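Visitor: Chain by chain, the residues run as shown.
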Amino acid sequence: MQIELIVNDKSVTWDIEKDEFLADTLRAHGFLSVKKACDTSCCGLCTVWMDGKPVLSCSILSMRAHGKKITTIEGVAQAAEEFAHILTAEGAEQCGFCSPGFIMNVLAMKNELDNPTEDEIIHYLTGNLCRCTGYMGQLRAVKTYLGVA
Amino acid sequence: MFTVLDMAQPDKLEEAFEILAKRKNNTILGGCAFLKMSKKRIGTGIDLSRLNLDYIREDNGFIAIGAMATLRDLETNALSRDAFGGILSQSVRNIIGVQFRNGVTVGASVYSRYGFSDLLTALLVLDTEVELYNGGRMPLQDFLQKPYEKDILVQLRIEKSQRSAAFSSFRKSASDFAVLNVAVSSLDHQWTIAVGARPGRAVIAETASRALSQGHLSAEELEAAAKIAADELSFGTNTRGTAGYRKALCQVLVKRGIMEVLQCKSN
Numbered sequence: 001m002q003i004e005l006i007v008n009d010k011s012v013t014w015d016i017e018k019d020e021f022l023a024d025t026l027r028a029h030g031f032l033s034v035k036k037a038c039d040t041s042c043c044g045l046c047t048v049w050m051d052g053k054p055v056l057s058c059s060i061l062s063m064r065a066h067g068k069k070i071t072t073i074e075g076v077a078q079a080a081e082e083f084a085h086i087l088t089a090e091g092a093e094q095c096g097f098c099s100p101g102f103i104m105n106v107l108a109m110k111n112e113l114d115n116p117t118e119d120e121i122i123h124y125l126t127g128n129l130c131r132c133t134g135y136m137g138q139l140r141a142v143k144t145y146l147g148v149a
Numbered sequence: 001m002f003t004v005l006d007m008a009q010p011d012k013l014e015e016a017f018e019i020l021a022k023r024k025n026n027t028i029l030g031g032c033a034f035l036k037m038s039k040k041r042i043g044t045g046i047d048l049s050r051l052n053l054d055y056i057r058e059d060n061g062f063i064a065i066g067a068m069a070t071l072r073d074l075e076t077n078a079l080s081r082d083a084f085g086g087i088l089s090q091s092v093r094n095i096i097g098v099q100f101r102n103g104v105t106v107g108a109s110v111y112s113r114y115g116f117s118d119l120l121t122a123l124l125v126l127d128t129e130v131e132l133y134n135g136g137r138m139p140l141q142d143f144l145q146k147p148y149e150k151d152i153l154v155q156l157r158i159e160k161s162q163r164s165a166a167f168s169s170f171r172k173s174a175s176d177f178a179v180l181n182v183a184v185s186s187l188d189h190q191w192t193i194a195v196g197a198r199p200g201r202a203v204i205a206e207t208a209s210r211a212l213s214q215g216h217l218s219a220e221e222l223e224a225a226a227k228i229a230a231d232e233l234s235f236g237t238n239t240r241g242t243a244g245y246r247k248a249l250c251q252v253l254v255k256r257g258i259m260e261v262l263q264c265k266s267n
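The listed protein sequences correspond, in order, to chains A and B. Quick note: the first sequence uses this note's numbering, first residue 1, plus one each step. Quick note: the second sequence uses this note's numbering, first residue 1, plus one each step.
Only chain A is shown next, with the shape it has when bound in the complex (with noise of 0.2 angstroms):
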């Protein structure tokens, strides 16, 4: 069958199979920061927009993209750099595996709340798991980025 969606801002039709999951999808077509881990939807690796909202694009059928718009990381380049630099200098990157997801649901945490606690921000985050660096230096990477204390 036959989609069409706006990935990063751009138009595109694609086939895909009926029971082909977004994920996929997408590092079918050349989107390789999408990455797969758990396949249980518990990981948050594989964390893209949908219409602005955080999803996990492992457990999104494709078809349910039809007309929605899809960001990707390599869609919020400029954002996520910034955000990259604060995580690196923080010591909140060891293998990488996970920052791509990371770094989109923190996007869409700082599009979604004002001014969040840190109580606000670790429930947000709680659906991205790191397996390197403890969690303590992400949290302190999101705060500084943020400008909260």
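Keep in mind that the hints were calculated from the coordinates and are not lab data. Hints may contain errors.
[Claimed, not checked] If you want the footprint, here are the derived chain B segments under chain A, 3+ residues with CB under 8 angstroms:
| hint | region |
| --- | --- |
| 1 | 6 to 17 |
| 2 | 23 to 33 |
| 3 | 43 to 50 |
| 4 | 94 to 101 |
[To be verified] Below, computed lysine to aspartate or glutamate pairings styled on EDC-like, alpha-carbon distance capped at 20 angstroms:
| hint | chain 1 | residue 1 | chain 2 | residue 2 |
| --- | --- | --- | --- | --- |
| 5 | A | Lys18 | B | Asp6 |
| 6 | A | Lys68 | B | Asp54 |
| 7 | A | Lys69 | B | Glu129 |
| 8 | B | Lys39 | A | Glu74 |
| 9 | B | Lys36 | A | Asp24 |
| 10 | A | Lys35 | A | Glu20 |
| 11 | B | Lys36 | A | Glu20 |
| 12 | B | Lys39 | A | Asp19 |
| 13 | B | Lys40 | A | Glu17 |
| 14 | B | Lys39 | A | Glu17 |
| 15 | B | Lys150 | B | Glu129 |
| 16 | A | Lys35 | A | Asp24 |
| 17 | B | Lys36 | A | Asp19 |
| 18 | B | Lys22 | B | Asp47 |
| 19 | A | Lys53 | B | Glu232 |
| 20 | B | Lys24 | B | Asp6 |
| 21 | B | Lys39 | A | Asp15 |
| 22 | A | Lys18 | A | Glu4 |
| 23 | B | Lys36 | A | Glu81 |
| 24 | B | Lys150 | B | Asp127 |
| 25 | B | Lys40 | A | Asp119 |
| 26 | B | Lys40 | A | Asp19 |
| 27 | B | Lys39 | A | Asp24 |
| 28 | A | Lys68 | B | Asp47 |
| 29 | A | Lys18 | B | Asp11 |
| 30 | B | Lys247 | B | Asp188 |
| 31 | B | Lys40 | A | Asp39 |
| 32 | A | Lys69 | B | Asp54 |
| 33 | A | Lys110 | A | Glu74 |
| 34 | B | Lys40 | B | Asp151 |
| 35 | A | Lys69 | A | Glu120 |
| 36 | B | Lys150 | B | Glu58 |
| 37 | B | Lys24 | A | Asp119 |
| 38 | B | Lys36 | A | Asp39 |
| 39 | B | Lys172 | A | Glu4 |
| 40 | B | Lys247 | B | Glu232 |
In this text, all values refer to a predicted model and were calculated from it rather than measured experimentally. We treat Cβ as the ideally placed atom computed from N, Cα and C, and that holds for glycine.
Add chain B to chain A, keeping to what the hints say.
Guide: Relative to the frame of chain A, chain B by itself:
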């Protein structure tokens, strides 16, 4: 991973039900997060995205929640967030992460009647009706006792009232399934206590609810009601906890729930 031979995105509920009824292995697709972990072979997967069922709105004294509203909608929508002391929002806010809750639908969560569901426990202590396309409207409690039948959950309807309610759960880590969850509510001195993730499906602790409603809410009666709830319900053992552990947790969480509702009422 499940496999799907064909997909349909009907524009009308009648059409969706017609496709569903056509073959035994035709299936309604919710958020698919849980379904995708199964090995189910689906004939036609029926996606309800085009039916405009992603609403949460007020409807003649009820809060109407469409089947395709997401758990994140339930968490953040002003109507569901502010009603009944925020119990609906509280019950879903620790389910995995924001991205997961943006995909998972209320309809699939309720229709599937999962034992681990936090939402079902919260809905059970409210005046919740389930509206099925073919089966019509019925109280949630009746729906939970019915055997699985091919039908489409269209919406939930929760009667708006001054009911005070509280939800709590015990988890080994923040976003894990609950080891046990408890909801308590009170309206006009009638109390309802529900316990879920036992790990069986959420149920109302009828005897404890009745005892609490007939008493004077003394400290001893609160303690006694919590013990009755733990004694009257059955608990099971799985990787998250033993039956005995859950029974002990039940008594504590029920007591806390009652105390929280009493505090809500006094504020």
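Visitor: Run the structure past the numbered hints and jot down the numbers of the failing ones, going up.
Guide: Failing hints, ascending: 7, 8, 19, 21, 23, 24, 25, 30, 35, 36, 37 and 39.
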